[in-house]
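Asker: Okay, here's what each chain looks like letter by letter:
Number of protein chains: 2
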Amino acid sequence: MAAIQEFEIVKSENSQKVCAHTGFTLWFTGLSGAGKSTISEAIHQEFLKRGIKHEILDGDVVRTNLSKGLGFSKEDRDTNIRRIGFVCHLLTRNGVAAVSAAISPYRSVREDNRRLIGNFVEVFVDAPLSVCEQRDPKGLYKKARAGEIKDFTGIDDPYEPPLNPEVICRTDQETPQESAEKIVDKLRELRFIEW
Amino acid sequence: MAAIQEFEIVKSENSQKVCAHTGFTLWFTGLSGAGKSTISEAIHQEFLKRGIKHEILDGDVVRTNLSKGLGFSKEDRDTNIRRIGFVCHLLTRNGVAAVSAAISPYRSVREDNRRLIGNFVEVFVDAPLSVCEQRDPKGLYKKARAGEIKDFTGIDDPYEPPLNPEVICRTDQETPQESAEKIVDKLRELRFIEW
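Note that the protein sequences, when read in sequence, are chains A and B. The first sequence lines up with residues 1 to 195 when you count with this note's numbering. The second sequence lines up with residues 1 to 195 when you count with this note's numbering.
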């Protein structure tokens, strides 16, 4: 994975100083409400600043455009996450920074995606369930506790935390900007981005 | 669509003379057996020769990786084609040449994809039904005629030919290489590729 040698030099009219980069996938995983979308928005700004070509595949975009009709059974979740992995794979091998921000609760499918994609950076967006449940930005925990939603990750469906993620963001202890900076530091260290 | 100004200069170790290009989608449409996969293989060689970054999404790749579980009803076909369109859109706006080689029988969804993607080159892979049926490379027409497959395009499901395709390949009258050259000429004329 001689990342630096494969850097692309991209002409840009908007920025005089674009950041050389190779293709990679930034794979967020974590409970609903842990902060995946918030951090990916901060990352979007960091990438924009550097002229890094990227695509953010967050849960809602994916459910609309790739996975309409899939439910939340283990099989359907796996299909959904593999499908996101396939798209990230296509983007990554064409020099794009793909960002996945879906819960992706099961370890084995994340590992399959890691093997498929190669340049794979797993970010564990970690906050205690009690904190996520208190935030409850979409009111989903409330519905899950009331039994109105079944198979909800963390309540009546398992979440399997990564064993060796490249980055851990403790969103109950750090700001989204601090999390984004940790991620950028790791990408630089792995030589996926220049600065 | 000032294509040329957005060309990317990509460093390559394998080729001294890569072809500058912008992102676009080459959208093949035509009956089963018309020659979509054969021409896309010829295009793959043309793009390789020029160092043009590309991805080929043929019907089988897509059914496995993006659309497992979808059937052949009008609704499922539309979902399948919109999904391919979404992936082509992501690739195109990141400077990749996306090639779709699915039947895509319905005009309105192809037109929706054209609007979504922008840099869209529709290639009508045209051969009379009788010729496609004689070729029958996968034995599907035989099964459809025997009633073993339902909703088969051209037999008991409609095929809506494009009204204004950028390229028409009459595969009963020209070789795959001739078809590929017509397509490359059109891409050059549209200034999506340099040579």
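Check before you lean on any hint, since a few could be wrong.
Just so you know, same-sequence chains aren't split out, so a pair can sit in one copy or run between any two.
[What the hints assert, rightly or not] The calculated DSBU-like cross-link candidates involving lysine-lysine, where the alpha carbons are at most 35 Å apart (straight line), are:
| no. | residue 1 | residue 2 |
| --- | --- | --- |
| 1 | Lys-17 | Lys-138 |
| 2 | Lys-17 | Lys-68 |
| 3 | Lys-17 | Lys-49 |
| 4 | Lys-138 | Lys-182 |
| 5 | Lys-150 | Lys-68 |
| 6 | Lys-74 | Lys-49 |
| 7 | Lys-142 | Lys-17 |
Bear in mind the hints are in silico, worked out from the structure with no lab data behind them. Since this is a predicted model, take the numbers as computed values, not measurements.
Asker: Determine for every hint whether it applies to the structure shown.
Answerer: Checked hints:
1. Lys-17 x Lys-138: neither (39 Å within a copy, 52 Å between copies)
2. Lys-17 x Lys-68: neither (40 Å within a copy, 43 Å between copies)
3. Lys-17 x Lys-49: Result: close both inside a copy and across copies, 9 Å intra and 31 Å inter.
4. Lys-138 x Lys-182: within (27 Å within a copy, 52 Å between copies)
5. Lys-150 x Lys-68: both (18 Å within a copy, 24 Å between copies)
6. Lys-74 x Lys-49: For Lys-74 and Lys-49, the Cα distance exceeds 35 Å both inside one copy (38 Å) and across copies (43 Å).
7. Lys-142 x Lys-17: Result: close neither inside a copy nor across copies, 47 Å intra and 59 Å inter.
Comparing the model with each numbered hint stated earlier shows that hints 1, 2, 6, 7 do not hold.
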